[in-house]
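**Q** First to last, the sequence lines map onto chains A and B.
Going by this note's numbering, 403 is the number at position 403 of the first sequence; the sequence numbering is gapless.
Going by this note's numbering, 96 is the number at position 96 of the second sequence; the sequence numbering is gapless.
I should point out that these hints are in silico values taken from the structure, not numbers from a laboratory.
Treat the hints with caution; some may be incorrect.
As the list claims (entries may be wrong) - Have a look at the derived ranges for each label pair, beta carbon to beta carbon:
(1) A:F721 <-> B:E24: 47 to 57 Å
(2) A:A716 <-> B:L42: 45 to 55 Å
(3) A:E656 <-> B:D143: 36 to 46 Å
(4) A:A215 <-> B:E156: 31 to 41 Å
(5) B:A102 <-> A:G602: 45 to 55 Å
(6) A:F721 <-> B:E156: 20 to 30 Å
(7) B:A102 <-> A:E132: 44 to 54 Å
(8) A:M33 <-> B:L42: 45 to 55 Å
As the list claims (entries may be wrong) - For lysine to any residue, the following SDA-like pairs were computed, each having C-alpha atoms within a straight-line distance of at most 25 Å:
(9) A:K146 <-> B:D241
(10) A:K451 <-> B:S224
(11) B:K5 <-> A:Q125
As the list claims (entries may be wrong) - Counterexamples of contact, computed for chain A against chain B with all Cβ distances above 10 Å:
(12) K108
(13) E171
(14) A291
(15) T304
(16) D310
(17) A444
(18) G476
(19) G481
(20) D710
(21) T730
(22) G737
(23) P772
(24) Q773
Backbone N, C-alpha and C fix where the C-beta goes; we use that ideal spot for every residue, glycine too.
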Amino acid sequence: MANGATGIGARVKRKEDKRFITGKGKYTDDVRMENQAYAAFVRSPHAHANIKSIDKSAALAMEGVVDVLDGHQLTGDGIGNIICGWAVTSKDGSPMNMGAWSALATQKVRYVGDAVAVVIADTQQLARLAAEAVEVEYEELPAVVKADKSLAKGAPEIHENAPGNLIYDWEIGDEAKADAGLAAAKHITEMEITNNRLSPNPMEPRSAVATYDEAEEHYTLYTTSQNPHVARLVLSAFYNVAPEHKLRVIAPDVGGGFGAKIYIYPEEITCLWASMKTNRSVKWTADRSEAFITDAHGRDHISTAKMGFDENGKITGFKVDTIANLGAYMSLFSSSVPTYLYATLLSGQYDIQNLHANVRAVYTNTVPVDAYRGAGRPEACYLIERMMETAARELGMKPAELRAKNFIREFPHETPVIMTYDSGDFDANLAQAEEAADVAGFPARKAEAAKRGKLRGLGYSCYIEACGIAPSAAVGGLGAGVGLWESAEVRVNPVGTIEILTGSHSHGQGHETTFAQIVAERFDLPIDNVSIVHGDTDKVQFGMGTYGSRSGAVGMSAIVKAMDKVEAKVRKIAAHQLEASEDDIVIEGGEVKVAGTDKALGWHEIGLAAYTAHNLPPEMEPGLKESAFYDPSNFTFPAGTYICEVEVDPETGRTEVVQFTASDDFGTIINPMIVEGQVHGGLAQGIGQAMMEQVIYDDDGQLITGSYMDYTMPRAADLPFYSVHHASTTCPGNPLGMKGCGEAGAIGSPPAVINAITDAIGNNNLSMPATPQNVWNALQAVTASQAAE
Amino acid sequence: MYPTKYHKAASIDDAVKALGAGEEAMILGGGQTLIATMKQHLAAPSDLVDVRSIEGMVGVSLDGDMLVIGGATTHAEVASSKEVQKHTPALARLAGGIGDPAVRHAGTIGGSVANNDPAADYPAALLALGATVVTNQREIGADDFFDGLFTTALDEGEIITAVKFPKVEAAAYAKFAQPASLFALVGVFVAKTADGVRVTVTGAGDEGVFRSEALEVALTADWSEASAKGADVSADGLMSDIHGAAAYRANLIKVMAARAVLAS
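With the sequences and hints as input, model every part of the structure.
**A** Encoded structure:
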């Protein structure tokens, strides 16, 4: 069944790129409905305020304004509050304190950008002008933006039911054991580590087009979603916008998500409701400024950590205390990010027996924070890998040596923070990366750079992460409100072409190519005979969508299960028609054959036979279409080693990444080119986080970095040519042996970059982003301390 | 964007008339600041008077030893101009380093100078080189032209038709870009002119582009990298923002001055 040109492992060019690079993609904003009106939101300019009154009269008087709607009308119509779908329980057994979040605020606003009302008008420009004409009277309240300050005594209280702004105080691991491990340590490395707040910045801003069909009492929503079925479920079951069977959600081409398009935001809810209120199609598309103040942000942790080592460099204990900023409201999966997606990965690649983490999640007067590429795992990786590198320096050991001393080498391995690693070969990735990065030649390169007045540094990161985000029963036990399986349908048409209907959603990942490759491989058919259908709740039966690097390990596994069923039926039909045993049937070269004979049926003849049903085995149903649901038995665990080499200009603090080497273990790789592209993109985001990106609010809760004039995105010229390699072990948990590759680059790279810079400047006290100014300041501190000695 | 009326002026007279007729009319040079500001609803001109099609507004010429650049000449045109490269190569390099290619192919010298953004590159060049701003009404020396943040000596209805640069003995510009915007976090222009050494700084001053007395003294005494690095540049009066505190900017002024001297 080998299909070398287009099957598993082939560098097939992306089928979807023709429409993308010729400008023929169909995005939500490209949707034009008859009788379409436009929504513009009236947003709070204050970070924290009571709403005293809303005067709509001037806006309503403008010609072309259809209506101005507010939160009292919305809640009056029974539209429910926005929910967080993962219940995290505090260590004292109490449930998390979830504050009410209405799509349009009624009493109080809690961040700059909180929506207060919506204008529906004939044109987008008019809607925006009218939104400015809505007069809202506010009573300003003191605001708090930093997580630690939010917990301080006397901080302004943001939600009535969250005293002290605490959402939960949660722990994992055994504190007594961790304390004992630290007490027994010969050396303790202690660090304060912050993980900078990021804005997701997908190229396509969020958008929604909602249409209400009065006669059918039916709603259609086109929207920028990574998971349209989940959107429909939540919109129906929790927000009461429409019953599920009266709501169709379509996520057409989506231009990047990075997590920000998982959630169901106030705008989509409001557009659906407003389309019913006004009996018009309602379109809303964010501009970039609006994206900065409404797309869920990422990261934003403050942690202290202590790691103890014995005289041989073995870790004796590890203790972490983290405060996570969740913003003004709890977004859909926000609660799980700093808990089950973060602290469960704090064992890293290391055999740590005594580990404890405590996490307090808090409200602040900022944009809600939720999963962003990596979601919790980058925060864990950054913390451990900075600790390991710093500890190695303190212990006078090579960073690779200290890590290797503590590597896990037997699988399955159960960590003290509930993960069971199923496979991996951490030594292999480390060795491959060190060789590719020519670590042996580093001292010479450092000396050469010094002659040019540059400080050269080398930094490691040995990351592990957890993907697929499942099994359903396990995550249900941890508080998830949904199952995290995936579904697929394989539809063989009467002419033999194949449509794959998948619950995964592609927003740049290349599913139309990779998913087709596994079908081409399995049935030995031309890849062009396979098409992928996704992103429409009327077409695909159900699906959990794409995030957590799950489309390969979970989404493709569902396709494999459905293909198993199709193949079984094909064999039965062929055996019946060719008068052979099912065991002798082989599928090869576009034909279904009897092994060792010249008896064969073309693949298209099988399709036709199934649908004409003139000559099928007794009792067999006509047709050739099978569906399957796949629920993984465990998370998958991509891992690897990243090595970063930098040069710092000591006069300006400007840092250049001169070499970046990746060795990843992603399990089976379907399309190496797409996988490399995922790594490249992830590294760009990780280097962006490490050196450039940071959301900054002032003390009053005004967003300082609200545009690309102040929020630094990585540009191509900021990035090196990457050296990307693979040393893989097969994942035992799914039929294709896949682990996932979408987030690894963003997870593994930030500590490698910072470890390289701190190596170059000789100061471990450096926070992300390592902007020129921050690096220069850290260098001044070195100079000052040398002067003091 | 609020509604606005667009005029494509055919002549200076035509432009002046349109500027006078509009309630809050503004000149459109390259639009690289104005259009973005309008999109954010931070500017709301009633009329936009596009001066780019006026005859004589675009192009580079020599008037004796004087380099004359038309007011609507784009940064890309200045950067690639053989005349500019020969007359004052530092100016061509400065223009070639403004923003990104899209900005350089739309933004104009007149627009940049008239806007006088405190982090713009051109003001540093004009002030250091002792350039003259030519308008439809008069000629204004660079020393008298820049007047604080986003403020110039231009009167209402006054249009920059050209900028004239004298030839100098040596000149160079070194910029440290603000990482997000690519505007100058600190840009330093050094020049040996007929009037002596002039060193100007953009991106750093609380009140926009300025001449650094400390660096002029140091480089007059000794035109060298070491001399620039050793100058006593104070952080007083320098901007502090998320990209650079005053002390960091003061350091960058010395470093960029030294690099400019090296390149001169």
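**Q** Against each hint, give a clear statement of whether it holds in the structure.
**A** Status of the hints after comparison with the structure:
no., hint, verdict
1, A:F721 <-> B:E24: 47 to 57 Å, "50 Å, holds"
2, A:A716 <-> B:L42: 45 to 55 Å, "30 Å, violated"
3, A:E656 <-> B:D143: 36 to 46 Å, "38 Å, holds"
4, A:A215 <-> B:E156: 31 to 41 Å, "60 Å, violated"
5, B:A102 <-> A:G602: 45 to 55 Å, "54 Å, holds"
6, A:F721 <-> B:E156: 20 to 30 Å, "53 Å, violated"
7, B:A102 <-> A:E132: 44 to 54 Å, "29 Å, violated"
8, A:M33 <-> B:L42: 45 to 55 Å, "32 Å, violated"
9, A:K146 <-> B:D241, "19 Å, holds"
10, A:K451 <-> B:S224, "20 Å, holds"
11, B:K5 <-> A:Q125, "15 Å, holds"
12, K108, "26 Å, holds"
13, E171, "35 Å, holds"
14, A291, "14 Å, holds"
15, T304, "25 Å, holds"
16, D310, "42 Å, holds"
17, A444, "27 Å, holds"
18, G476, "43 Å, holds"
19, G481, "38 Å, holds"
20, D710, "5 Å, violated"
21, T730, "42 Å, holds"
22, G737, "42 Å, holds"
23, P772, "7 Å, violated"
24, Q773, "5 Å, violated"
Hint check: violations occur at hints 2, 4, 6, 7, 8, 20, 23, 24; the rest are consistent with the structure.
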